[in-house]
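*Asks:* Here is how the chains run, residue by residue.
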Amino acid sequence: MKTVGRCGAGWQPAADCQSAWPRVSEVRTVDRNDGRQKATVCPTSVLRRAVGLLWALLRELSDESAYQRHLRVHGRNHSGAEWRRFSEERLRARYAQGKCC
Amino acid sequence: MRLLGRVVWVLVAAGAAIGLGGIALLRGEHINSMWLVVAALCCYAVGYRFYAKFIAARVMALDDRRATPAERLRNGHDFEPTNRWIVLGHHFAAIAGPGPLVGPVLAAQFGYLPGTLWIIIGAVLGGAVQDFVILFASMRRDGKSLGQMAREEIGKLGGFTALAAVLIIMVILLAVVALVVVNALKGSPWGTFTIAATMPVALLMGLYLRYWRPGKVLETSVMGFVLVMLSIFAGRAVAQDAALAPAFTIGAMSLAIAIIVYGFLASSLPVWLLLAPRDYLSTFVKLGVIAMLALGIFFVRPELQLPAFTRFVDGTGPVFAGKVFPFCFITIACGAISGFHSLISSGTTPKLIAKETHACEVGYGSMVAESFVAIMAMVAACVLNPGVYFAVNSPAGVVGASPAAAVTTISSWGFPVTAPEMASLARNVGESSLFARTGGAPSLALGMAQIFAKSGGGQAMVGFWYHFAIMFEALFILTILDAGTRVGRFMLQDLLGHVSKPLGRTSWMPGVLLTSGLVVGAWGYFLVQGVRDPLGGINSLWPLFGIANQLLASIALCVATTILLKMHRRKFMWITCVPLAWLVTVTFTAAWQKIFSPIPAIGFLAQANKLEATLAVAGTAAATTRTVIFNARLDAAICGILLVMVAAILLDSLRIWTGILRGTRESPVMETPFVPSQLRPEEL
Chain F
1 MKTVGRCGAG WQPAADCQSA WPRVSEVRTV DRNDGRQKAT VCPTSVLRRA
51 VGLLWALLRE LSDESAYQRH LRVHGRNHSG AEWRRFSEER LRARYAQGKC
101 C
Chain C
1 MRLLGRVVWV LVAAGAAIGL GGIALLRGEH INSMWLVVAA LCCYAVGYRF
51 YAKFIAARVM ALDDRRATPA ERLRNGHDFE PTNRWIVLGH HFAAIAGPGP
101 LVGPVLAAQF GYLPGTLWII IGAVLGGAVQ DFVILFASMR RDGKSLGQMA
151 REEIGKLGGF TALAAVLIIM VILLAVVALV VVNALKGSPW GTFTIAATMP
201 VALLMGLYLR YWRPGKVLET SVMGFVLVML SIFAGRAVAQ DAALAPAFTI
251 GAMSLAIAII VYGFLASSLP VWLLLAPRDY LSTFVKLGVI AMLALGIFFV
301 RPELQLPAFT RFVDGTGPVF AGKVFPFCFI TIACGAISGF HSLISSGTTP
351 KLIAKETHAC EVGYGSMVAE SFVAIMAMVA ACVLNPGVYF AVNSPAGVVG
401 ASPAAAVTTI SSWGFPVTAP EMASLARNVG ESSLFARTGG APSLALGMAQ
451 IFAKSGGGQA MVGFWYHFAI MFEALFILTI LDAGTRVGRF MLQDLLGHVS
501 KPLGRTSWMP GVLLTSGLVV GAWGYFLVQG VRDPLGGINS LWPLFGIANQ
551 LLASIALCVA TTILLKMHRR KFMWITCVPL AWLVTVTFTA AWQKIFSPIP
601 AIGFLAQANK LEATLAVAGT AAATTRTVIF NARLDAAICG ILLVMVAAIL
651 LDSLRIWTGI LRGTRESPVM ETPFVPSQLR PEEL
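Line order of the protein sequences matches chains F and C.
Just so you know, our numbering puts 21 at position 21 of the first sequence, and the rest follows in order with no gaps.
Just so you know, our numbering puts 332 at position 332 of the second sequence, and the rest follows in order with no gaps.
Just so you know, the hints here were simulated from the structure itself, not pulled from any lab data.
All C-beta atoms in this analysis are idealised placements derived from N, C-alpha and C, irrespective of residue type, glycine included.
Errors might be hidden in some of the hints.
[Unchecked claim] Within a straight-line C-alpha distance of at most 16 Å, the following computed EDC-like cross-link-like pairs (lysine to aspartate or glutamate) qualify:
#, chain 1, residue 1, chain 2, residue 2
1, C, Lys-216, F, Glu-82
2, C, Lys-216, F, Glu-60
3, C, Lys-566, C, Asp-64
4, C, Lys-53, C, Asp-63
5, C, Lys-566, C, Glu-666
6, C, Lys-156, C, Asp-652
7, C, Lys-566, C, Glu-682
8, C, Lys-53, C, Asp-64
9, C, Lys-216, F, Glu-64
[Said to hold, decoys possible] These stretches of chain F come out as covered by chain C in the derived footprint (C-beta under 8 Å, 3 or more residues):
#, region
10, 47-60
11, 94-100
With the rest of the complex left out, here is chain C (with noise of 0.2 Å):
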């Protein structure tokens, strides 16, 4: 390394340990959001230059010379040589979901540092190298999903259990997504209007894309964008006018109905109709806004006012209940390290690289990529004042049902808040009250406003902001929630094949109406339970997601730790094995009190008992009571599932490894064989 270059790098560590420093350091005044920006930033890049590439260098011993998948098989559809930097922005756009948004918004209830942190040093040393290893372990092996690499490295337990995780994550998934679109929406015209507004919008779009203006689809998209700007603005109308604002001012469980109805006739229509134009116009409006985030918070380098660490570091946090330790590490998930990125990372992605040392950029720089949206929206909860973002995010059941209990209980926490200033905040952004919308999405939406607000526009646009950040997040979780519910149709499909042929053909309608409709009312229960939820729902179905993706991340790992022992890397076998035993423990942990935590708020069997105990004593035969104390149980169950899966998952892998390392066990390498590359530099 040349003097100027190695001057760079002790300028960039030191940024990073300055920043790291700062955040952790400063207590009793505001800090600057520029301190977590400068803090992750230079850790990235220390992490890229010298983890990553050692991790390509001598771990992984990436070779340009090998032909990659892309170019062996190259087809012109799947497998095709891809310039390093639009494989990037390809798979950045395919990790990216609302996972590193809403996460770290939920996690602030501890305050900024914990999960700050965790995003960066999660990301660095552990999410980032699962999706940069099973990256290359698809490369290697033709593109291989991980539900095949767990089936070939580790055994028929690894592969039937990634697939039943991939399930059970599908499911949870999608319910709780479709939870955080019904609390952005109840009791929000504007809102409501502007995204039923996008699906005549996305049905026109594939209209003129298949029959108008066939292959045009950058043309399609502009349009689309153009028509659910106007509809922002009509939504305003809409919610002004007195005739229209009541038939689009609609409940928390009438939303999540017509939700579901939409799930159902979504996953029902052929795919170009709806789904795929929607999809175009949500990754580009993703990628937009997050840049329009990035450039805001430079601009704007607003002052964080939640503090350092809050008084719910113990557990008893209103957001959702549990302390720090385990339920920060899961509740932020796909900003630090994520089970589901293992499935892009070996999808379609290792079939686009054309050399082998692409892979250290794509895998390990989109996943810091995604950290730093991760590390935006932790700021974006935190600009807001402590008081707002718990009235907004804390459940009725809490903190009261009417404005002055919930302020009164909020302030008595230290974050004073008043109703007129709560009403002053929701008259700005165009709704009837800002209280008990838990799930992250509506002070996310309040702290974009803010920052965008004062990169231009002013005030007067906050409210404008505001529903186009709903806007964006319910676009793409709507997508979310068509294309899972396909997916979990068609591996249904693929089951119910085997009782009976047409039940498998995926042409068959009646097949196709009662497998989306199993699906549909797989998540469509768990989101009515949500709804249901005294504590919110948020509550009990976030944490459950969050080890649901962590135990898929688990599986992931285990599979990078099997492949690195065959290449004979075992004293390279720390560097997935130490953010296993993490995810390991931290889900085991989190899992473990989710179940028997003697604490009603965390505790599924102890908040089912608490409720027995209760209908006991009133004597009254109270069904939702019944329904929310069979629903803690059937959580519970879940969760019990869950911790199984990991512990048999881990002990597979772990006799596999002692056969390896005592030599008792055959261990070939499943790579394809050495085939020189002949693709010329003006290819890539």
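Just chain F, with the same shape it has in the complex (with noise of 0.2 Å):
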């Protein structure tokens, strides 16, 4: 068996596994025998990503990484007046809209 992709065979946690939460978590897997690609789970990362998808979700729902978003594409510093600025634009076009029931 040949490894292609990441998390080495054997569930070694290879340098590449500790990647952030979109890496794909599989190991595709290369049988000598018909050369055909299996695909398997490692565990570790998978436990990993769930936890980097919860957290991505916290900041998502809590407007932290839209405001990293925000000074990334404008190019500006974290200061109490630039959050202040992007929390008020954000806000405005929040409360827009209902909350649903």
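Since each chain comes alone in its own frame, lean on the hints to assemble the complex.
*Replies:* Written out as structure tokens, the structure is:
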């Protein structure tokens, strides 16, 4: 069997297995006999990805990710005034819509 | 499909069939809640894997090579390609409100079966399809709103009806959810203190986030959560304190006035100070509690105490009057099919979808997740002793004002309950009485408290869990009140801006105060009406809300059907037409009965006539009775307006569809042109 993806065979967490949440948690292996690829799953990577997804969701719901994007897009640094500017614009758009029942 | 996959799906389908068969056929014994859970989860899985994927592939032909608005219009703010699971969580958090929690609890008066079947079947074949198709349509139109799509695809009448429906729903929704809070907090010093404490906590969070730790929303929310938890413990101390308890023991009318004043002030304050911090907190608490409830149900696997059907399917129910058809189907809206979701599906979400195929998970998947929340609420209501359920949810005007009268009436229905049993239960949760706590929230909190206490903490923690559940419900209901009043104000200012320019400016304080006052006055009027209603208010307001919500779903499905026809998918138009036909039937029947039924508990006009006759015989000038008569006629008029709106949008849509099918009408597809996606996999 030859490992072609991230996460080494035998669930050895390789360096690139510890990448950020969007990475695939699959290990693709090639069977030497028939040459077909098989997908298996790295459990540590799955757990890490799940936690990463949850964290990313919390940051998205809390607008912290949107604020980071805002800073990146406008090439600005974080400051109290910048947060207030971002927050006012964001909240104005958000509360132009009602909350769902 | 590989053999193993086929075997798995056969097993899942068998699980769905056995689960549904079990809950439908098992009689004469208490069934375990796992039957409902397994039936629901298997049905959702089959629905998603086969029906949603069929719609995605064959009907909408989702194409990942096509750039979504999130990619084409990417600006780092509204438009941003986002990981599908994050969008799913975001969308679910946006659509999950009090509706899927309260509706099933109220509908449990018919027994667990009608509501459960409607929640599962309605979501899989109707609600999830509506959310998915509208999300798809908005995504192909640069994230346009439902109102804009209705105007463009059907015509000005469709657009106007959607706008008017949103306004009516908003007013009725705000009144009914405020009534739920009033009924949960009346005479409860513990609950009132806890909810009152959330306001200074939210203000502190707002100031902390703006001036002391800008941008640290998660940190602020954790701090707010800790403070709110402490306020629950402090609430117990307040309730037990002889000097403080009376100050927080407030009657229904005083609470209603307090909430109206709060609504006015909160919607006039800057968003960052109160609304936004509490919204962040309530979103996290909501997701956490839903997850906790799911884990609790899996862990405890409680038995359902309510039967599959109760005698009240005949329309004589104490919680609300009306037969199982059509009232079960308008009482449970958000857990099965909800028009309000179409506003969210055509709001923020389409601007975050990175790939077209993600719309399937997000649109369909979020709705079935919400449907599962409704199933959990049904379980929480049905684990209660039926006598307790009816004692809590029946208004004093139906079962009698004294505990002795109430337990006699409820026991005579075949649901034995005693006054000492109710007193002991009230004592356990730190309340003076649990009789006539209509609105669904207290009985849901009781059921949740039982499940949580069995999961950990034991009976000693029942009081804490009960008030934790009340806090959780009230927290996001108050957020809805604040945000809804604000939206109503914006809509009104937009309208009044045509009459007087300053009134249209959201920065002009007199205009803000005037329009806030008008919106608060509108929902406040219905709230006071609900408090005064001898039948408890929920009996008249919840059906009105359900009808209005389903009207909006009908508009959304009309828009969806029109778009499918314009896409030359006429052989698949049944996917939206079948739920539409059902909704129109349900809405028409319910609205007609609410206006014209000769039974006073159901028909508004019959109720007004009965009260008028009483007034004439008694000869006393009872001002309250005259107000109730006026309110009943007002409710009948609103129901009539909703009926006319359903008919108008339907006839207008039928005119368009006939033209398209006959080939006599041009039917340009309003989609944005195809642009190939350049998004790299690592950007997702």
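*Asks:* Taking the hints in turn, state whether each one holds.
*Replies:* Checked hints:
| no. | hint | in the structure |
| --- | --- | --- |
| 1 | C/Lys-216 to F/Glu-82 | 13 Å, holds |
| 2 | C/Lys-216 to F/Glu-60 | 12 Å, holds |
| 3 | C/Lys-566 to C/Asp-64 | 21 Å, violated |
| 4 | C/Lys-53 to C/Asp-63 | 13 Å, holds |
| 5 | C/Lys-566 to C/Glu-666 | 9 Å, holds |
| 6 | C/Lys-156 to C/Asp-652 | 10 Å, holds |
| 7 | C/Lys-566 to C/Glu-682 | 35 Å, violated |
| 8 | C/Lys-53 to C/Asp-64 | 14 Å, holds |
| 9 | C/Lys-216 to F/Glu-64 | 7 Å, holds |
| 10 | 47-60 | holds (count 6) |
| 11 | 94-100 | holds (count 7) |
When each numbered hint is compared with the structure, violations occur for hints 3 and 7.
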